[in-house]
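Engineer: Read off the chains here:
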Amino acid sequence: MKKVLSLLSVAVALVAWSFTLPVHEGYHVGDTARDFNLKNVNGKMVSLAGMKKAEGYILIFTCNHCPYAKAYEDRIIALHKKYSKLGYPVVAINPNDKDRQPEDSFDNMKKRAKSKKFPFVYLYDETQEIAKAYGATRTPHVYLLDKDRVVRYIGAIDDNHEDADAVKEKYLENAIDDLRAGKDVSTKETKALGCTIKWRKS
Amino acid sequence: MKKLLFAALLLVSGFGLAAQEIPYIKADQITAWKNNDSDTIYVLNFWATWCAPCVAELPDFEKLNAEYAGKNVKVVLISNDFSRDVDKKVKPFVKRKKLKSTVVYMDERTPNTWIDLVSTEWTGAIPATLIVSKGRGFERFFEKRLHYDELESTILEALKTP
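Residue numbers (the numbering used here), protein chains in the order written: chain Y, 1 to 202; chain V, 203 to 364.
Honestly, the hints are just simulated from the structure, not real lab data. Do not rely on the hints blindly, as some may be mistaken.
Derived coverage of chain V by chain Y (criterion: at least 3 residues anywhere in the stretch with Cβ under 8 Å from a Cβ of chain Y; other residues may be distant) [unchecked claim]:
#: 1; stretch: 261-269
#: 2; stretch: 274-285
#: 3; stretch: 290-303
#: 4; stretch: 313-321
As the structure is a prediction and not an experimental result, all values here were calculated from the model. Just so it is clear, CB atoms sit at the ideal spot from N, CA and C, and this is done for glycine as well.
Whenever a hint applies, use it, and build me the whole structure from the sequences.
Structural biologist: So this is what it looks like as structure tokens:
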């Protein structure tokens, strides 16, 4: 009993301590990312492990409302069309709190997915647990994972959010191409402008 | 370099009086503000008209601008709207909100090349704010919505820094 109590007090101390920590930094390139089980817009639960044929995963934290994210929608659709048949499906995840941004509710995700005919899964991270674990801060925010869920690239889709025709560097495609060629990804991290993730008010 | 400094001086002194024009700036302007070794404290706020938390914090920046203008504090609101929206949205917004702080437009298309120039701490989400004075050796970066209390306490800290 004593042992249980002391274990319990350690657990309580640990939990208390974790609340005082600064925001979790999330994954860096080289870390193994966690899997998840999140609801897709078609109502079905989706996990990475369930995507049996995948050679890797293009995880994109994105949302409905953010103009930067919207500017990338068509490019994300094109990415999925190009790479899913090569084993790299897009896995889009909306982490925003619906109370802070009603446009990003699950119902509105379903509507958006339907009207834009998203060919990829569009998942709802309602508890925001996955965005926190990955260390996502904005939409859009990309994590490219290999088959073993090792993070190989973090950052932007390309170098120009405003004008797809003026893009000079396709960071994400280059990273996938490196990965497929069995090479080390040459540009492992980039930055992009995005909308802050709308965290739940604690 | 001299030219750059002159441009910087022109930019911070000349605008913000009458109806606002919105000057376009390049990344080197950020560097010029960061490298200005006077004791001026620059409050560089990255925002956009459609960004709700950005718009929510604007009155706090306006208040800071009004209260600390006499103490060498320069608030610069740097719009990161799409370039096609500057005339259509940003200018009418600035007019409607009667913004008194200097408003400029970040005329750069490749964020990956300039986000780190602002701060290596910045992941790219807006709102974001850099409070910097090279002359005082003070620099603080925030990637979140700021409230007046935190803004003012940071400014007071900067003012105490020699």
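Engineer: Check the structure against each numbered hint from earlier and tell me which ones fail, lowest number first.
Structural biologist: Violated: hints 1, 3.
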